[in-house]
Amino acid sequence: MAKYRGNVEAVRGLVRETEVHRDLYVDQELFELEMEHLFANTWVYVGHDSQVPNAGDYYGTTVGTQPVLMVRNGNGDVNVLYNRCPHKGVRVTTEPCGNAGKFFRCPYHAWSFKLDGSLLAIPLKKGYENTGFETSHAAEGLAKVRHVKNYRGFVFAKLNDAGLGFEEFFGDSLSSFDNMIDRSPVGRLQVAGGVLRYMHNCNWKMLVENQTDTCHPMVAHESSAGTASEVWKNAPPGTKKPMAVEIFLPFMSPYEFFEGMGIRVWPNGHGHTGVSHSIHSDYSAIPGYFDQMTAAYGENRAKAILDENRHNTVYFPNIMIKGPIQLLRNFIPIAADKTLVESWTFRLVDAPDMLLERTLMYNRLINAPTSVVGHDDLEMYERAQEGLRCNGNEWVNVQRLYDPAEEADATVVTNGTTEWQMRNQFRAWSKFMTMSM
Amino acid sequence: MTVHVPVLTGAPTDQQLIDFVVREARMIDQQRFEEWLELYTDDAYYWMPLEWGQTDPKLTCSLMYEDKLLLKIRVERLKGNRTFSQKPKSRCHHVLQVPQVDRRDEAANEYVTWTPMHYVETRFDDQKLYAAWATHTLTVIDGQIRIKLKRVDLVNCEAAFGNIQLFM
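Note that the protein sequences, when read in sequence, are chains A and B.
Residue numbers are given in the UniProt record's numbering: position 216 of the first sequence equals residue 216, and the series is strictly consecutive.
Residue numbers are given in the UniProt record's numbering: position 133 of the second sequence equals residue 133, and the series is strictly consecutive.
These are calculated hints, taken from the structure and not from any lab test.
Source: prediction; values computed, not measured.
Worth double-checking, as some hints may not be accurate.
Claimed, not checked - Heads up, simulated DSS-like pairs for lysine-lysine below, C-alpha to C-alpha not over 25 angstroms straight-line:
#, chain 1, residue 1, chain 2, residue 2
1, B, K87, B, K72
2, A, K102, A, K125
3, B, K72, A, K240
4, B, K87, A, K338
Turn these sequences into a full structure, and let the hints steer you where they fit.
In structure tokens:
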């Protein structure tokens, strides 16, 4: 019997002010409701438009668990289509990404579709004459996702008509995207370096929460970053600090460092760590880069852009970006206990290659399935996924630095070790989950 | 069992290069990681590309592109008391085809071998099988064969993997 379907009160009851019910992580029925409601009522990241630079280019991905295609049209626009032939349901594209030419052609019966999804031609069309085909679902072609927004290259989709407009949904949180993009002297990013794909046997929300969990690095990552620190101590005196050590050591910063960096929360579940500084603040300068930025923006503006060192910005429901190193992580839900993590990296167009080299080193040291930092985190998620089956306590605690006067959907800067951003996400979860039930 | 490795007085024979590659895999399987690390030259790299036929380790991402410092961090971490992803510990098992000596350049003191292999990594109830080709770029230092570059190309390099915690 359904426990949550058709029972909006039961769903609302899962999120309390300072704790959330374990079913948010373990219950498959609730996961399916998330896909139908939460991932349909919110703006979900699809991809970057540099993945489809030319007319006819496509990239296949998912919004929640819905297979979609991001397509560049003949007129330069980017569309998002459901990746399903209207005839028998076959996935229309044969490669994960590529160029369709002027039209898509289904590999099963050669039905063809324009780049905007509309039906172009059917072989032996006479067979449909006088059958009322014009009014069928099939005649509509590839179904189009109606709500698509390309924000400075980053493409988002909202599957349902319900929910908020793009600007209202993201509001001031878009400043993190702006900062990441403005770090290019010409204000443009390009997907580069390849994507790391890392399978996690845990619920997607554990990963999202972890992005603003500043009380775990010095504990869970003692094994990796702590060991790096110990090994580095034994380097011969005078050895130049390698890039890899610069990346690892800040993970071992003390609690005071993380308390002081600050957390900013925004309405609708968005928020970021690193208001004043972050683990990315003390990386070595890359020769020539500041001069390029000054030439492009003037010294004051260049400084303002580069002094921003936001650590992790969570865009609810399921991505995180790191502006200072041009990295985006997509926490793709597959099942209640299965999440595919894709970590994407970007080149700052017209900036030195060394910046991309550092970003890629960060990605493989921290986000790869072969990464020791990744191993530390996944171990904790999998232990949680297992531990949450315990009936002795059905609640997960998110109480740290809670104030009963805390408002929902506020914009606030506060202590960097607060769990306010986690509470912010769960309030947003409840709101967008139930608004179409 | 530790195998006695004779000091070479001249260029290594093909058989000596082959034996070396086989012994390297055995050291990993026997978890003699500190000894294993000594098989690498000080400027060595261990490279596991992310892309099929990858040529650039720096401006294209890799699963691993690690110098000796990073390899040492891994080896030390595996022993750590608070290395929770190694509680319980992983184990691994290599099955190698006979390595082929692809290139011998005695003047440059550089030898390249190519070794198709199956690699199994296990932890508790979980066991995963990987298929790969290992390419070793070898040299001789003080009469001992040493690794300058070990490149491991997974047949499914772009797949979504779970944890890979040891060395292929």
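- Message: So if I understand the rule, the pair passes when the alpha-carbon distance is 25 angstroms or less; does K87 (chain B) with K72 (chain B) pass?
- Response: holds, 20 angstroms
- Query: Going straight from one Cα to the other, do K87 (chain B) and K338 (chain A) come out at no more than 25 angstroms?
  - Reply: holds, 22 angstroms
- Assess, step by step, whether the Cα of K102 (chain A) is no farther than 25 angstroms from the Cα of K125 (chain A), and give holds or violated. Holds: K102 (chain A) and K125 (chain A) sit about 20 angstroms apart, inside 25 angstroms.
- Item | Pairwise hint evaluation, K240 (chain A) against K72 (chain B), where the allowed Cα distance is 25 angstroms at most | Holds, because 17 angstroms separates the two Cα atoms, which is no more than 25 angstroms.
When the structure is compared with the earlier hints, no violation turns up for any of them.
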